[in-house]
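Below are the chains, spelled out letter by letter.
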Amino acid sequence: MTVKNPSIAVEAHNITVAYDRQPVLWEVDFEMPAGKLIGIIGPNGSGKTTLVKTLMGVLTPDSGYVEIFNEPLHEVRSKIAYVPQRESVDWDFPASVYDVVMMGRFSAKKLFQRPSKQDKLVVRQSIEKVGLTPFIRRQIGQLSGGQQQRVFLARSLAQEADIYFMDEPFVGVDAATETAILTLMLTMKDQGKTLIIVHHDLQTVSEYFDEVLLLNTRVIDYGPVETVLTDANLKAAYGGQLNVLSKVGELMKQSEFPVREKEFKNRTVKK
Amino acid sequence: MNEVLDFLLLREPNILYVVIGTILIGASAGLIGTFAFLKKSSLLGDAISHAALPGVCIGFLFAQEKDPVFLLLGSFISGWIATYLVEWITIHSKLKKDTAIAVILSFFFGIGIFLLTIIQGSGMAAQSGLNTFLVGKAAAIQTSDLLVFGGVALLIILFVVIYYQPLKILVFNRDYALSIGLPVKTMEFLLNSAIVMAIAVGIQAVGVILMAALLITPAAAARFWSYRLSKLLIIAAGIGGFSGWFGALVSYTAPNMPTGPWIVTVLSVFAMGSAFLAPKSGMISRIKMGRENANKILVENILKTIYLFCEKEANPLTRSILYTDILEQRFFTPNNFSKGLRWLDKKHMIILDKNSLKLTEQGYEESKRVVRLHRLWEVYLYEKMNLAADHIHPNAETMEHVLTPDLEKLLLKELDHPMSDPHQSKIPK
Ligand SMILES: Nc1ncnc2c1ncn2[C@@H]1O[C@H](COP(=O)(O)OP(=O)(O)OP(=O)(O)O)[C@@H](O)[C@H]1O
Ligand SMILES: [Mg+2]
Numbered sequence: 000m001t002v003k004n005p006s007i008a009v010e011a012h013n014i015t016v017a018y019d020r021q022p023v024l025w026e027v028d029f030e031m032p033a034g035k036l037i038g039i040i041g042p043n044g045s046g047k048t049t050l051v052k053t054l055m056g057v058l059t060p061d062s063g064y065v066e067i068f069n070e071p072l073h074e075v076r077s078k079i080a081y082v083p084q085r086e087s088v089d090w091d092f093p094a095s096v097y098d099v100v101m102m103g104r105f106s107a108k109k110l111f112q113r114p115s116k117q118d119k120l121v122v123r124q125s126i127e128k129v130g131l132t133p134f135i136r137r138q139i140g141q142l143s144g145g146q147q148q149r150v151f152l153a154r155s156l157a158q159e160a161d162i163y164f165m166d167e168p169f170v171g172v173d174a175a176t177e178t179a180i181l182t183l184m185l186t187m188k189d190q191g192k193t194l195i196i197v198h199h200d201l202q203t204v205s206e207y208f209d210e211v212l213l214l215n216t217r218v219i220d221y222g223p224v225e226t227v228l229t230d231a232n233l234k235a236a237y238g239g240q241l242n243v244l245s246k247v248g249e250l251m252k253q254s255e256f257p258v259r260e261k262e263f264k265n266r267t268v269k270k
Numbered sequence: 000m001n002e003v004l005d006f007l008l009l010r011e012p013n014i015l016y017v018v019i020g021t022i023l024i025g026a027s028a029g030l031i032g033t034f035a036f037l038k039k040s041s042l043l044g045d046a047i048s049h050a051a052l053p054g055v056c057i058g059f060l061f062a063q064e065k066d067p068v069f070l071l072l073g074s075f076i077s078g079w080i081a082t083y084l085v086e087w088i089t090i091h092s093k094l095k096k097d098t099a100i101a102v103i104l105s106f107f108f109g110i111g112i113f114l115l116t117i118i119q120g121s122g123m124a125a126q127s128g129l130n131t132f133l134v135g136k137a138a139a140i141q142t143s144d145l146l147v148f149g150g151v152a153l154l155i156i157l158f159v160v161i162y163y164q165p166l167k168i169l170v171f172n173r174d175y176a177l178s179i180g181l182p183v184k185t186m187e188f189l190l191n192s193a194i195v196m197a198i199a200v201g202i203q204a205v206g207v208i209l210m211a212a213l214l215i216t217p218a219a220a221a222r223f224w225s226y227r228l229s230k231l232l233i234i235a236a237g238i239g240g241f242s243g244w245f246g247a248l249v250s251y252t253a254p255n256m257p258t259g260p261w262i263v264t265v266l267s268v269f270a271m272g273s274a275f276l277a278p279k280s281g282m283i284s285r286i287k288m289g290r291e292n293a294n295k296i297l298v299e300n301i302l303k304t305i306y307l308f309c310e311k312e313a314n315p316l317t318r319s320i321l322y323t324d325i326l327e328q329r330f331f332t333p334n335n336f337s338k339g340l341r342w343l344d345k346k347h348m349i350i351l352d353k354n355s356l357k358l359t360e361q362g363y364e365e366s367k368r369v370v371r372l373h374r375l376w377e378v379y380l381y382e383k384m385n386l387a388a389d390h391i392h393p394n395a396e397t398m399e400h401v402l403t404p405d406l407e408k409l410l411l412k413e414l415d416h417p418m419s420d421p422h423q424s425k426i427p428k
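Line order of the protein sequences matches chains A and B. So for the first sequence, numbering that gives the first Met the number 0 puts the first residue at 0; every next one is plus one. So for the second sequence, numbering that gives the first Met the number 0 puts the first residue at 0; every next one is plus one.
It should be emphasised that the hints constitute simulated quantities derived from the structure, not laboratory data. C-beta atoms are modelled at their ideal positions from N, C-alpha and C, and glycine is treated no differently. Misleading hints may appear alongside valid ones.
As the list claims (entries may be wrong) - Covered stretches of chain A, as calculated for chain B (at least 3 residues, CB under 8 Å):
(1) 43-56
(2) 87-96
Said to hold, decoys possible - Computed far set for chain B versus chain A, every beta-carbon distance over 12 Å:
(3) Y162
(4) L316
(5) F331
(6) E407
Claimed, not checked - List of simulated lysine to aspartate or glutamate pairs, DMTMM-like, C-alpha gap at most 20 Å:
(7) B:K38 <-> A:E86
(8) B:K428 <-> B:E312
(9) A:K35 <-> A:D230
(10) A:K116 <-> A:E159
(11) B:K93 <-> A:D19
(12) B:K428 <-> B:D405
(13) B:K230 <-> A:D91
(14) B:K346 <-> B:E364
(15) B:K279 <-> A:D91
(16) A:K109 <-> B:D174
(17) B:K383 <-> B:D415
(18) B:K345 <-> B:E364
(19) B:K39 <-> A:E86
(20) B:K357 <-> B:E327
(21) B:K311 <-> B:E327
(22) A:K128 <-> A:D173
(23) A:K109 <-> B:E187
(24) B:K367 <-> B:D415
(25) B:K65 <-> B:D144
(26) B:K96 <-> A:D173
(27) B:K38 <-> A:D91
(28) A:K35 <-> A:D200
(29) B:K39 <-> A:D89
(30) B:K96 <-> A:D89
(31) B:K184 <-> A:E74
(32) B:K39 <-> A:D91
(33) B:K184 <-> A:E10
(34) A:K188 <-> A:D89
With the sequences and hints as input, model every part of the structure.
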């Protein structure tokens, strides 16, 4: 394995993440190809948000590592865009639609620069693409749920990234808007972008995605939709079959057991 | 009175220093306090302020005099320890954050008062001024101190100006800040330090007990006036600066008066004033809007009723209509009825006689407009929303007052200029 496959967008290597000692992701390991529309599905509390945050480096895993385009995360941050779950944001914050989308134009490197003409143009275009131009000056708290969702979509567009992580972008969106967003995503895919989308509507999974990751604390299965969405897999994910893992997790929390023994924690990234 | 003039006209150089210093202190507190407010850590600000007291006392004991650098360092360090302890308790115990804050606040303040009592009992010569740290004494600040305090305040203001963008992103959406690779930990440290620093400086003017108000109230008041962060910061800094200046004025003209309560009073006036006066979100403009709407509905209803009498006339402007006829057609309270008539008369929509009235040309046009909207809307409900003919009247009653000329055009187009409404009444042109 000296030559790495260039078409791998995201590699998760044996990731374990715990909150307060209780693992919510357990030995998660996969490789996601570039240029695909990939769904992450699983029941509430199965660790979808946690996984996405770990993949983007917002959370640091207790063990394992993430590589994006075969490089460690901090080298490729500008290639990553993020659409957070709507509940995770303070909607009272004094900012307009335009302000929030403009945040997409700032990277850690050019924080102190004033927005250029190009930045402003991209921001306006991104807002137009999600159909929010009539609300461009509106304070974000005064938008409907579906409109709020689209503000973050616009911000991620403004980031002009290669990989887009979106946490439930279809929640609270009406059917017409859902179709519009999906069309937008397909266009992005045609441009070679990779979209990794947390989704919870099993009905539409096969229609939307090329591949799905079925998650419930561990990876139940990953691959093309047809092979993953089998009755047995769904039962494993949604049927409360997690007893052993969740019991072990509880136990570790109660007994203050370390999630990983020390020598495994700081394994170097490159083999 | 003379002192007030002296102060306002900056007649002594010392006054100039005090004014510049207190304005800078107030403005920096208002500015950085806006971020504390947006982070929803107002309570923490209160705890840090109270926690600064033991630091002040220890700084004094260390230097054996009121050395500004030592006092500042002392309050900065104990403020930080308090911040850190609150975090630590929240993470490592089952206590909620507000409980942790309350515990730390009273614990540190208790130690502070204890130390203060010891210092006062010790009979040290320079101890006299320490009391002012409880409730503040702006004018007691020496010129040399002001260089230190003003300098630090200026530093805080510069920090906010330079780091405006990253701070905004961080406070709004921490995960996003992490995802684009901002040095979040460092920035949080800087932001917290700036908050603690602003408190350490501000207690000179306001005192530890009321310092949190200088930190948070400017932002709370400014929130009524703008939803743009940049404007919010400017307004908050302005309010903070002004109350600092005012505190100095009081302190200068009445040296025995504690400054803190006065500053807080001014701040409260700003906050209450904003709550009442601010455009759109303020209470007064809301009440006014409500009144205006009620009046609009009243007079339009009267006009509509009058129209019913003129509708069939060949020459509607000559038809004189009895008040009693109008009231028979539609109920109005006597009070409202005469109020509405007076308003219409004043606007020259009607001409009043003893117990009857006539429409003027413009009154007639206006009454036609209202009836047109009402009937158009009924057609819309009937045709496009499939409501039964006997269900549509109440809804149209409200909508006729709401519809704008633009919407009227749109309605006419969409309904293809109908002639009559679902009750077969003619729609006036
Ligand atoms: N900050 C936190 N501290 C402690 N536990 C947490 C924290 N965030 C999440 N958890 C726990 O981790 C588990 C996974 O949470 P996560 O948010 O990743 O789930 P999810 O799959 O995104 O769920 P949903 O479909 O509801 O969004 C849950 O059991 C949750 O209670
Ligand atoms: Mg989630």
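So which hints don't hold here, by number, going up? 3, 9, 26, 33, 34
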